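Next come the chains, spelled out residue by residue.
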Amino acid sequence: MITCGLDVGSSSTKGVLLEDGRRILGTAIEPTRGNPAAAARRVLEVLGEEGNVLTGDIDYVCTTGFGRSGLPERDLQVSDITSSGRGAVFLFPGTRHVVDIGAQSSRALAVTETGKVTRFKMNEKCAAGAGRFVERCSKYLQVPIGAMGPKALDAEHPRLISSVCAVLAETEIINNVAEGVPLPDMLMGIFLSLAQRSHALMRYVGIAPEVTLVGGLVHNPGMVRALSQTIGCPVNVSPQGHYAAALGSAMLGRARKLRIEQGVSPSAAVA
Amino acid sequence: MSALVAGMDIGSTTAKCVLLEGKEIVGKSLSPVGVDIVKDAEVALELALRDARRERSEAAFIAGTGYGRYKVYFGQLTVTEISCHARGAHFLFPGTRLVLDIGGQDTKAIRVGSSGEVIDFAMNDKCAAGTGRFLEVCANALGFDIGEIGPLSLQARHPLKVTSTCTVFAESEVTSFVSRGKEPKDILAGLHASIVSRSLSLMQRVGIEPEVTFTGGVSRNEGMVLALRRRLGAPVNVSPLSQFMGALGAALAGQARCEGAAA
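Sequence lines, in order, name chains Z and S. The opening residue of the first sequence carries number 1 in the numbering used here; numbering runs sequentially from there. The opening residue of the second sequence carries number 272 in the numbering used here; numbering runs sequentially from there.
No lab work stands behind these hints, which were simulated from the structure alone. Only a predicted model underlies this, so the values are computations on that prediction, with no experimental measurement involved. Note that CB positions come from ideal geometry on N, CA and C, so glycine has one too. Treat the hints loosely; a few may be bogus.
Straight-line distance between alpha carbons at most 25 Å, and here's what the computed PhoX-like set of lysine-lysine pairs gives [claimed, not checked]:
no.	chain 1	residue 1	chain 2	residue 2
1	S	Lys397	Z	Lys125
2	Z	Lys121	S	Lys397
3	Z	Lys139	S	Lys397
4	S	Lys432	Z	Lys125
5	S	Lys432	S	Lys397
6	Z	Lys257	Z	Lys116
Examples of chain Z residues lying across from chain S (beta carbon under 7 Å, computed) [claimed, not checked]:
no.	residue
7	Lys125
8	Cys126
9	Ala127
10	Arg132
11	Gly146
12	Cys165
13	Ala166
14	Val167
15	Leu168
16	Val177
With the rest of the complex left out, here is chain S (with noise of 0.2 Å):
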């Protein structure tokens, strides 16, 4: 029998927590992370074993990824995202040879190989045109609520051209189109377009090969979705779970570094 092993994500805005025994999870959380980061790491577990009708002392082993990894002390191993992505990619879409995660507030383009090893990566963390936080900011200068942009976007007849790339700027030119009387779904056309782009820039810079899984918060919008296989003419894997995909990939770490130890 397989050991219980969690793997928890602990991102900028989310912790996400996986539970994973042998091939299966068998359980999973996703709770907000605040300024208390370590006890928010511990309530991602708390809830996990929860969700999976377990007690902490049956965890065999707990990996941490994301940038508050380093405050999962209770672990025993922590591991990049761009690893853990990659992983957790190769995972549920084995034939993944590109990942395009989109975060909160970071976007990652991450070449893959056919074992599901990071090849190349290209990383934007340093400016928020083109994460999860441009959409979230833009969404609330059209007073909407980030879960409902997706599908109103879609709706768009006349999608408008967003030119700023700055977040501020584009919140500007948001409140602009508005008082020009041009519809929010049109204006969330334009605004989803823009990530696209951007997104694109980062892929390019890796080299784009089929078959290409998007994942991270963003891929849940299915406005993004759907922009993206469009530009990139393209079929794109998209799983339930996408968001969970940092927290899987820290978890099969976790595995191997078991199963490379009871070896």
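With the rest of the complex left out, here is chain Z (with noise of 0.2 Å):
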């Protein structure tokens, strides 16, 4: 059985092919551009292309994230704490603890072995915090993005954000480059500043072994160091980390297909 798992971000839309809820046959990202329904389909083309299936051999498409009902032609859509909890534990068995940072928004989620939710925290209401604020660093500090995590690792003494509100620390970040703060301590202390924010949800949520970053930011090894610095202790990353919401609801829709198939009523399906 192909099922295909589509996670509609603010940002981007990330897609997966999923074989037998095992085997990941392809993956996919296109910018969404305010347009959910576009990006859900040209996901689906490349998602096809690359894992050589045609579009009427995926069985069952499944979305998430915050365009999720943006696909008339979806057969299911669940929430993206559920997906991306499902996937990290997909990347990583040993997983209890998720960090999903995207680039609205960011949680922190406890999960069971079998990738189960018990737990949450989410900041939707302001940028400091999530991705967005990376995306705007990069552009004042004229860092291109995937250069900004590299050039932190060179940092020697971190300059630390005191503001914790996106904006206001970007006239601190202005005001540090006047200063003549040297790029990696200044890019080291803004993944440090997202770190704590994430640290803050983490402990609501509690900390429990292992941790597994998951999101746009596991490509950023300045921000996967100053996250495991700040909580003190080791974080799963995988480059398919960016993909573990659209990975997760593949999953959940392959479950909910096999129910169907067995003939449980499908409103039940989902568990």
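Could you fit the two chains together into a complex? Lean on the hints.
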């Protein structure tokens, strides 16, 4: 059985094709650009090519993320909390705590060995601690977003940011630039500030090893170091961590499809 | 004859200086604050002295307030902004019982007693939402100058509702309103209403009691004044000197200290 999970985020839409709940046939990512349906369809197209699968061969499409209800032809939609928990446990079976940092929101989840979420805390009201803050820093420090993490690793005396607010932090960072603070120190300060925001959410939920980071920042070694330093334990990171929610929704889609095939009523199908 | 006293309010974006002689404001200045706060404070004082056609040596006492007050090393007294705003508002509007001060990066609601003393206050200096910065960021996103947005917001016919609290998210919301063909004036009305809501919750924390005096740079924005009046359903005192309220309060505190010393 081939299921597709689509994570329609505020910034990008991620997709995963999953075979029999075990094998990843392909992944794809496209910018959402305010149009969830168009982005989801583009991702489906790319996935089909990459996985060498015809659209008709996809047995079930399950969406998640902020724009999850934007694709009319979906079979099912699940919350991004449920799906990123599942996805993280698929990638690292020992995961008991998931930190998911998205473009516009971040959350901490406590999960069971099957990836079921038992507790969570979310921040979606404020850009501090979200990927958007990193995007803005990249813009006004004029460092490409992909270069920020590696550069931050050269920090000798990270310059911490005292402002919580992303906008007020901007002023602080500009003052740091004027003061001549070395770039790596500023960048590491930015990631440490993000890590502190995450840590606050994580503590609220209760931190238990193993901790897995998912979301776009998995590609950022500066963030990974800042996070593990701040919480005081190692953090699991996989290049597929950006697709954790999409992966989880592909798994949840499969579970639902199996139950339907077994004749369970659809409304009772997602556990 | 009473002494010439300077009150300086060194804020995050501008420095204000007021020269007070007895009950009369004889000079004032408003100048930008950059990286070199010490120099900017000196400049503010010089400009006010020039405005009053007085010499530096004539200033008997200098008092500083605002977030950069400790950099006014040439001053003899530093006072908190909260007490300065209360004093200043009381001086201009003796009936003031609540001061709403919206500055460039913080907002304060101050309950004031009948002699201008601070009874209680609530403050937001942690988050740009509900401050002048919020308006500035959103005005930029719309391509307007900060001075244009107030009058424009008053022309709104179908005010929009801005749902984001966070300034960063509100900026995106503004952009998406624009891409959906919404009118700038309707967006601006929504942005002003959003700040008024944030201010109201601060004001409620200390208790709303007339008269309300609105101060700080944002009180120069007539769109804000009107939105606040409507929401409160009561008149709001605004002075053309509202941006100088902190500096005026500092000067009054300096004067009190001078008189105390002389007595």
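Hint check results:
At roughly 14 Å between alpha-carbon atoms, S:Lys397 and Z:Lys125 fall within 25 Å of each other, so this suggested pair holds. The hinted pair formed by Z:Lys121 and S:Lys397 meets the criterion: a straight-line CA distance of about 21 Å does not exceed 25 Å. Using a Cα cut-off of 25 Å, the hinted pair Z:Lys139 and S:Lys397 holds, with the two alpha carbons roughly 23 Å apart. Between S:Lys432 and Z:Lys125 the alpha-carbon distance is near 16 Å, which keeps this suggested pair within the 25 Å criterion.
For the hint pairing S:Lys432 with S:Lys397, the CA-to-CA distance comes to about 24 Å; that is within 25 Å, so the pair holds. This hinted pair checks out: Z:Lys257 and Z:Lys116 have alpha carbons roughly 18 Å apart, not beyond 25 Å. Checking Z:Lys125 against chain S by beta carbon gives a least distance of about 5 Å; that is within 7 Å, so the hint holds. Restraint check, Z:Cys126 versus chain S: the minimum CB separation of about 5 Å is within 7 Å; hint holds.
Satisfaction of the interface hint for Z:Ala127 is found here, the shortest Cβ-Cβ separation to chain S being roughly 4 Å, below the 7 Å cut-off. Interface restraint check for Z:Arg132: the shortest CB-CB distance to chain S comes to about 6 Å, inside 7 Å, so the restraint holds. For Z:Gly146, the interface hint is violated, since its Cβ never comes within 7 Å of a Cβ in chain S; the closest pair sits about 21 Å apart. Hint status for Z:Cys165 relative to chain S: holds, with the closest Cβ pair at about 4 Å, below 7 Å.
Taken as an interface hint, Z:Ala166 checks out: its beta carbon lies about 5 Å from the nearest beta carbon of chain S, inside 7 Å. For Z:Val167, the shortest C-beta to C-beta distance to chain S is roughly 4 Å, which falls under 7 Å, so the interface hint holds. Given the 7 Å rule on beta carbons, the hint for Z:Leu168 holds: about 6 Å separates it from the nearest Cβ of chain S. Because the beta carbon of Z:Val177 sits about 10 Å from the nearest beta carbon in chain S, more than 7 Å, this interface hint is broken.
Violated hints for the displayed structure, listed by number in ascending order: 11, 16.
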